[in-house]
Amino acid sequence: MSISDEQMQELSNVIKETGERLIEDYYFKFCESLGELGLFDPSGLPLEIWRAFAQAFADASGYRIVLQAEIIELINGEPGSYRSVGQREVASADPTCFVQSAEG
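At the far end of the sequence shown sits residue 1226, using my numbering, and the numbering has no gaps.
Treat the hints as calculated values from the structure; they're not laboratory data. Hints should not be assumed to be uniformly reliable.
To be verified - Listed below are the simulated SDA-like cross-link pairs for lysine to any residue, each with C-alpha atoms no more than 20 Å apart in a straight line:
id, residue 1, residue 2
1, Lys1138, Ile1125
2, Lys1138, Phe1150
3, Lys1151, Phe1179
4, Lys1138, Tyr1148
5, Lys1138, Tyr1149
With the hints as constraints, model all of the structure from the sequences given.
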């Protein structure tokens, strides 16, 4: 089955719109929840907090969760203007609940 450029563009638009809606719907709720716990810091959350979230998501989903840091560099020496030049893994979480042996 072949996908046309038009279908690929339509799929891309649906994915982008869905991502934007998720951000709009859940970003502020997520920040509010962290604020209620006294964990929200505008300068960023400590890596230990992100590791705890990743472990909870991994346990609930059964998936391995990988946290990556964005590697950025200044664009033409302009303060506040950066571009992404890659990512690197900073932490990962493997599920500890509901793990099944491949033999069984």
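Right, here's what the structure says about each hint:
1. Lys1138 <-> Ile1125: 18 Å, holds
2. Lys1138 <-> Phe1150: Answer holds: Lys1138 to Phe1150 is near 19 Å, not above 20 Å.
3. Lys1151 <-> Phe1179: 17 Å, holds
4. Lys1138 <-> Tyr1148: 15 Å, holds
5. Lys1138 <-> Tyr1149: 16 Å, holds
Of the numbered hints listed earlier, not one is contradicted by the structure.
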